[in-house]
Amino acid sequence: MDYNFLGYWGNALNDTSVLITMTILDTILGISWRIKKRRPIISNVFLSGLIKNLGCSLLPAFLHLISIFSDDNTLLNIAIPIIGFGIFAGILQSVVANAVLCGVKIPESFKKWYDRLFLAEQEHKENRDN
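First residue of the sequence shown? That's 20 in the numbering used here, and the numbers climb one at a time after it.
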């Protein structure tokens, strides 16, 4: 039995499971905020964001699958963690923005970082259509 095959899937499932967990957390926070503001829970913007996040969350597993069947997967093995981190950063931005919209207070020591990295996403979520 080829144990490298299992190793590839172990890494893919780790990356993907973290990203899917972040997507679920983002969805829960988004729904909570929409309920709090008495907005419709399901909207086109909400559904498109959920589909985008789920699709991006599955991308590392898909790339690992491609690397298994590829002859030279050196580039993919380098790219997968970089792509995974980029997706993680994007979902994290949405999670933090939704958490603040739900009422989580940002400590003063992180306020400068929050304003630079997350404030635009929060304002975008507040101002977009239902």
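The hints are simulated quantities; they were obtained by calculation from the structure and are not laboratory data. Beta carbons: idealized from backbone N, C-alpha and C, even for Gly. Hints may contain errors.
As the list claims (entries may be wrong) - Restraint ranges, calculated between C-beta atoms of paired labels, are given here:
hint : residue 1 : residue 2 : range
1    : Pro-126   : Val-64    : 24 to 32 Å
2    : Pro-59    : Gly-122   : 19 to 27 Å
3    : Pro-59    : Gly-109   : 21 to 29 Å
4    : Asn-96    : Ile-54    : 38 to 46 Å
5    : Ser-62    : Trp-132   : 26 to 34 Å
6    : Ile-125   : Leu-94    : 18 to 26 Å
7    : Lys-55    : Leu-111   : 37 to 45 Å
8    : Glu-127   : Leu-94    : 14 to 22 Å
9    : Asn-146   : Val-123   : 35 to 43 Å
Okay, the hints, checked on the actual structure:
no., hint, result
1, Pro-126 - Val-64: 24 to 32 Å, "holds (30 Å)"
2, Pro-59 - Gly-122: 19 to 27 Å, "holds (20 Å)"
3, Pro-59 - Gly-109: 21 to 29 Å, "holds (24 Å)"
4, Asn-96 - Ile-54: 38 to 46 Å, "holds (43 Å)"
5, Ser-62 - Trp-132: 26 to 34 Å, "holds (30 Å)"
6, Ile-125 - Leu-94: 18 to 26 Å, "violated (39 Å)"
7, Lys-55 - Leu-111: 37 to 45 Å, "violated (21 Å)"
8, Glu-127 - Leu-94: 14 to 22 Å, "violated (43 Å)"
9, Asn-146 - Val-123: 35 to 43 Å, "violated (19 Å)"
The structure fails hints 6, 7, 8, 9 (numbered hints given earlier, in ascending order).
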